[in-house]
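Asker: The primary structure of each chain is shown beneath.
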Amino acid sequence: MKTQDIKVCIMRAGGTNCDFETARAFRILGAQTEIKHVNELVKNNSLMDYNIIVLSGGSSFGDYVRAGAIFARTLNAKLGKQMKQFIDENRPLLGICNGFQILVEYGLLPGFEGPSQQPEAALTTNIPQGFKCQWIYLKNENKGKCLFTNQIPQNKILHLPIAHSEGRLLFSKEKEKQTLQKLIDNDMIVFRYCNEDGTTTDPNGTYHNIAGICNKEGTIFGLMPHPERAIYFWQEPTWTQKQQHTSPYSDGKLIFENILNSIAKKQ
Amino acid sequence: MPSNLYIQRTSVDNVIEVAIAKATDTELVEISSELALGLSFDEMKIIQTYFKRVNQNPSDVELQIISQTWSEHCCHKTFKSKIIFNDKEINGLFKTYISNATKEISAPWCFNVFEDNAGIVKFDKGYGIAVKVETHNRPTAIEPFGGAATGIGGVVRDILGVWADPIACTDVLGVGPLDFDYHKLPIGVKHPKYIYQNVAAGISFYSNNLGIPTVNGAIFFDESYIGNVTAYCGCIGILPLNKYAKNAKPGDYFVMAGGKTGRDGIQGVIFASAELTKKSDNDVSRPAVQIADPITEEKLKRATLIIRDRQLASATTDLGGGGLSSGVGETAERYGCGATVELSKVPLKYPSLLPWEIYISESQERQLFVIPPENLETVLTIFEQEEVEATPIGQLTKERRLKLTYKNTPVADLDMTFIFDIPTSTKQATLNNSTNVEPNFAEPANLTQPLMHLLAMPNIASKENIVRTYDHEVKGNTVLKPFQGKYAGPNDAAVLKPLDNSWKGLTISCGMNPTYGKIDPYWMAASAIDEAIRNNIAVGGRRIALLDNFTWGNPEKSERLGSLVRACQACYDISKAYKTPFISGKDSLYNESILGPVTPTLLITAIGIVPDIRSVVSMELKNSGNLLYILGTTYPELGGSEYYKLNGYLGASVPKLHASKARKNYYNLTKAIGSGMVKSCHDLSEGGLAVAAAEMAFASNIGLTFDLKAVPNKAVARNDFLLFSESNSRLLIEVHPKDQHDFEALMKNSCALIGETTKTEKLQIHGINNKLIIDASLSELRTAWKKTLNTEVP
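Keeping their order, the protein sequence lines are chains A and B.
All residue numbers for the first sequence refer to the numbering used here, where the first residue is 1 and numbers rise by one.
All residue numbers for the second sequence refer to the numbering used here, where the first residue is 1001 and numbers rise by one.
Keep in mind that the hints were calculated from the coordinates and are not lab data.
None of the values given here were measured: they were computed from a predicted structure.
We treat Cβ as the ideally placed atom computed from N, Cα and C, and that holds for glycine.
One side only, chain B facing chain A, incomplete, derived with CB under 10 Å:
hint : residue
1    : 1208
2    : 1211
3    : 1299
4    : 1385
5    : 1387
6    : 1476
7    : 1488
8    : 1497
Restraint ranges, calculated between C-beta atoms of paired labels, are given here:
hint : chain 1 : residue 1 : chain 2 : residue 2 : range
9    : B       : 1444      : A       : 177       : 56 to 62 Å
10   : A       : 127       : B       : 1041      : 56 to 62 Å
11   : A       : 151       : B       : 1501      : 26 to 32 Å
12   : A       : 130       : B       : 1646      : 28 to 34 Å
13   : B       : 1350      : A       : 155       : 54 to 60 Å
Lysine to aspartate or glutamate pairs mimicking EDC-like chemistry, simulated, CA-CA at most 16 Å apart:
hint : chain 1 : residue 1 : chain 2 : residue 2
14   : A       : 145       : A       : 187
15   : A       : 43        : B       : 1384
16   : B       : 1486      : A       : 196
17   : A       : 43        : B       : 1387
18   : A       : 36        : B       : 1387
19   : A       : 132       : B       : 1464
20   : A       : 143       : A       : 187
Can you build the whole structure from these sequences, using the hints too?
Answerer: What follows is the structure in structure tokens.
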């Protein structure tokens, strides 16, 4: 399959707000990209027209109840059947920030035994508490399972921004260790927060410094940082300090490029 | 109580009418007070005459409509009225000093100024930039979270009101000192810390949830803000100019969309135009603050942009101050029409709202659209798809009357020309002679310590903890962020790249110097304008447009009005001198509390453009071994400075402005930036030269050494004054040695080479006595700057 034939759907509902820049990231890489309201997908029954579904950032439904919870329930209620088919066919699903929260609330991540009835994790209030907009470093710790990062060298450090108040990944206390072991055994950990030199750090109190995980198949990927805000060099906070810009792009592009390549190769 | 004057209307059970014809003069004043109309005796007399002539009793709905339309907040009476000042008559401050300056400058790139909800300037590829800044002082003082949130909500809808897509927000806050003694706080006044934290939370809640980056702003601390919180919310939008639809005509429908209507925000405009008193405590005023729901506004925004792109509407306006009364009335007036509205069609949050309450409620997230009949169905379908409640409530009419019905029974029927023939008065303005004196104290032996203290002063210290709770990255178009460089130094202006297919950028900056306002309102205003422009120039901004936002005391008091006149005169003079037109503005007057009046505060927002964002200049030093220049002249001007404040003084020598010289300097600097010779550039403001130099150095951890003897000055004979004077129009500039010759030739002696960047990670300054008067490590300076207001110090 050629990149220009790949159809990307950025799915939105009231309160979604990073859809334009997320669409832009896919568009400049040559994919066909559409932003669709959930209501439109329901009306046209068109979810299966797409090769990849993206849940972008924002505050869907005001993040009332818990961040992402209402969108997850709405999606399940309105498009549950199509979603199941989409996932069963191993078509990729990406959740960024609020999108990651939605995937967790839906039970798709971690989803050790496939989609779970109840969420198996939570993305909860940051420690220290409050919204934080800041550039951070991430290390790619995935060994090759994740379709979104398998061409990015292992242990490569990426520079991306975070902007959230509920990004602390949490598992139930009594199962915390086993859960971590399962994540490691199944190669489901993708990104962990680190410093510029690669030493681990943690901007929001998240468990095991985890910033992003994928499902067992590597087809569903959620992360708190915003790769769509790190596409061009001039989006970086330190771009003015560099003498020369060897590439017009920035680290976030790697993730979008990676998934488009994975889809192109597979089909 | 003249209760015999109030009569229950027989035709409809929730409307009363007032037998105004037989009211005595005393009773007229009582009616205004009892119905909370906020109308003066003279105005009540005009109303009485009108209703006597038409031989009718006004309904409560009619009186409320007049009250809203004639309120200070809706029609800016003070800025329109005649003023006698120094025996001369000024025919309206707004016209004489603000709009006249713009008219005389006559910039071809101004697309629409002062007429609509926001000012619009041309940008690139057929797009325009719309800008609006609102004051939201009163609600923020009473309920800081809701006040700040709805402030943003309102200004974002102003941008939607000119069919623009909101792309950035700005926020400027004036609060009391955070360490103010609780025991000294009068009853009914909230502690500055409570205000500070909740305003920040409100801004973060609303703009983050709406997905609009907050890219520029300021927080200013002053004792006069304890009783008079000052809050400014700005929004910038982008629109394809050929989709700017404003062609409503009789027969078009009024469609009300967004949130439901409740009792929140009732009579907010009246409350905004009166002094805060003890009675303005929570019980009395809290209902005047609206409740915020950003998600409804997000959906409203989507629908608005779809309707715009498909060109289905003939006009739109925000339902803000004055509610439907302003929205319907002003739309009808603008297009020379009349209007009909059926009030029972307005969707309500709960039943039992009275007709007058429905018409003037300021509930949030509501927008009024004017839709030609043939497009009505399509528009309602779009709203349905976006899950936005939308209801046709009335129509524009040829007949110039405003006719309101409730369940088909008339409740108001007024002549449009009467409502919009707003009474003006002639006001007296005086100016008190300043009694401020210059302090007399010895120059300290050690100047590193005062610099550390200055960096830690709340008005200078880093606000990073607050600013990082605002999303400044969403939309992915922020080129220069609030903090720049590895160590997060304070940028002078934000830069956005709003169009994917253009390298052209938008530069956003602000200027505000309230402390100077305590000494001289004219030079305060001039300084605020220069600071906003200077900040914009520093990053490479050009073709600058200005917005003015006044926060002042009670203009009925002649000396308050006098200082307002002086500030407006500065606006005219400096705007003309710099050829930077005003494109929009807003005033908030009557900011007085039991603690006294607010310090006269003029916020200037400056919007410029850069031809290519890749050439913008940030404030952090780039490399060791580069040259450091200062642009402009330093005067012994420390009146109102942070340095005097540190020493417990106000002083009298407020910074003045030499605009024609500054304009030439700025012009040359812009050329130097355009040619790529400027590596970094930073504006000198609070704390003067020493603070600016420290910020540039610690932002990237590159050392800096310079010599005060080389700093061009007029009679500044002290090291501390050279270091900390706040003279206007000065900037520090870093240049690579290879460009020395070209740069100096271009700047034509207006720049002086004062030092160089080093590898030492230190700031070292030699004084006029040749001694090393400042010798500080960059990490110590950075810590001093960050520790005051931030809990985590990296």
